[in-house]
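Go by the hints and put chain B with the ligands onto chain A.
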Amino acid sequence: MSLIELRDVRKIYRIGDIEIRALDGVSLEIHEGEYIAIIGPSGSGKSTLMHVLGCLDRVTEGHVRIDDVDVSRAGSDRLARTRNEKIGFVFQSFNLLPRLNVLENVELPLVYSGIGKSERRRRALEAVAAVGLSDRTGNRPNQLSGGQCQRVAIARALVNRPRIILADEPTGALDSRTGRAIMDLFRELSQRGHTVALVTHDANVASEAARQIVLRDGKIV
Amino acid sequence: MKILMGIAEGFGEIRAHKFRSFLTMLGVVLGVASLLAMFALTAGIAKGYREVMSQMGGLERVKVRTEPVPSHQESIRELSPGRTYKDAQALRRNAPLLSWISPELDTYLPVRRADKTESFQVIGVEEDYLHTERHNVEHGRFLSDKDRWDHSRVCVIGRGVVERLWDDPEGVPLGESVRIGNEIFRVVGIFQRYESDQDKKRRELKAKHPPPPPQAGTRSRSRSRWSTFRFKNDVVVVPITTFSTVFKNTKQAGTPEEGSELKLDDLNVQVADLEMFEEALAQIRQVLMVTHRGIEDFSVETRQEMFDEMNTSLRNLHMSFGLIAGISLLVGGIGIMNIMLASISERIREIGIRRAVGARSADIFGQIVIESTVLAALGGVFGLGAALGLMRVLEAMSPVQNRPVVEPSAVIMSLTFAVGVGVLAGLYPAWRAAKLSPIEALRYE
Ligand SMILES: Nc1ncnc2c1ncn2[C@@H]1O[C@H](COP(=O)(O)OP(=O)(O)OP(=O)(O)O)[C@@H](O)[C@H]1O
Ligand SMILES: [Mg+2]
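Chains as they are written, first to last, in numbering that gives the first Met the number 0: chain A, 0 to 220; chain B, 0 to 444.
Simulated from the structure, these hints should not be mistaken for laboratory data. Quick caveat, the model's predicted, so the values are computed rather than measured. Accuracy of the hints is not assured; some may be wrong.
Stated by the list, open to error - Covered by chain B, per the in silico footprint, the following chain A stretches (three or more residues, Cβ under 8 Å): (1) 50 to 64; (2) 100 to 110; (3) 137 to 147; (4) 202 to 210.
We put the beta carbon where it would ideally sit given N, CA and C, even for glycine.
Same shape as in the complex, but just chain A (with noise of 0.2 Å):
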């Protein structure tokens, strides 16, 4: 059974009278613990696959299915849950909230399924031990160096304990160095069994993965 089935999924912008098929006809599968690396030519599409993953954006034609769920026909509701519970997210510009200290970033999807105060308190301090910054729960983003921003926002992305991770180029705006980092932290995710996709343009990083996802002008060859 897999966690994440995609059938003939469309994506299609309409920009006046020119059409924009950012996904043409993607179908794909998922299996639970996988490591999957996205790669393809800018603009063939692979941040529209992760939104769609992500439940962040609404296909225009097929069906998504993520465990056993069809989100291409929930209510945005349900969506919001999906995402809250089943997913967590890595941006390439890490979206960490400014006005937030770590912990607190940390902390919000557990602010939105509900979780009182100290067992949020205690599940953020777990999560942003697992990426080696117990020291810095008190800072701001702004406080912090990009490398450092990115493992907050994987915390941020663990914290829920959700079955699937996206993360879309999120060793982007690091150097090779930190990038490095960025993604060992994602491989021993995947190591303790979560499953993985993220997009890269890494020739390297994407040779470690298990599977790799090609995409050209929204098709998958």
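Then chain B with the ligands, alone, in the frame of chain A:
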């Protein structure tokens, strides 16, 4: 739980933009302040009205006035004896809907005690006067039936008379004598002091902390200030019989006895039951038509019109003040809405991030509404403070009996309005924020 967090976040947001939040709140501050001031002002005016009305005998009091004979009855005018003591007696016998009937004679006379002389209104009355005028005898007694029969030279005086003729304004000169006109009268009773609540408080305060130099020359406090209560305080009351024999030269009219045609200076009655007001008026008219032999040289004056006028003007006052306060609150609300909209476009990315980690659109909606409500409520609280300050100024400016009164209900009302404005001002921005899809919000630059 979530609401508490939302409130905390609202405060965080305010703290992060102190000056901007302050400017935003200013509208609500002004709105609440003017709303509260308006409530307090009208409450003060209404209270003043009520005190005055009650002191004047309330709605129940009805006055019988003399009128010129209507032209079509000109030829038979001689038939009517006019407003006489007989009228009072006829009403006592034949108008059961009236509870008190007070025939009165009055004039202004110099009243002298020791070396002080002052002019006062001197009124000749019967026992009913006490009730129609709502007088209260604080010391001694009121005039009695016996005083009337004996034509006794006794009087009951108001507190104002004591203040002006005796050295101690709080004194109780029972049994002492005064010269009214050229006749000596004995004081048998003293009315209570009539004053507004505000005056009373001030006087009590003064009594506790007397002003430093007790000026020997100037006579007692505030007597030059106009007040409705002065009429009631500056009065000397004597038996109507004594009055007519001593002060009325019209001996031929005789003294008020059965069937006397003594002309009255005033005739006031009190209606027993306001439910039967119209019927009572009809009764008065009926009885007087008989004593006046069908000649309509009198009218019955009620306070109804005065009451209605007061109520209308109070209502108008409420409306115009309410409009002003409403407008400032509206402006305040628009200010908040504006800031919320601005802060949303600033924070679209934040909204996207929150949505991405699992916030439902309802969570976003709630957050924005709570933020705006916190802003308005805080403004409301500041407005309350401003209003209390404003009240000090208004108090100094408004006439004594119309002092603004801050009622707790007005405070609650104003704060409720502020919160309401906050909620309303938050709704549209919140809706705008909530309808953004997560990806749109995240992509927003
Ligand atoms: N909101 C949008 N409106 C219109 N077109 C869009 C929108 N988002 C993406 N596209 C188009 O869809 C196509 C796929 O975009 P996508 O961002 O998925 O590419 P990508 O593979 O992630 O590229 P990169 O490697 O540069 O990040 C592009 O042609 C892009 O212009
Ligand atoms: Mg991309």
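Which numbered hints does this structure break?
The structure breaks hints 3 and 4; every other hint is satisfied.
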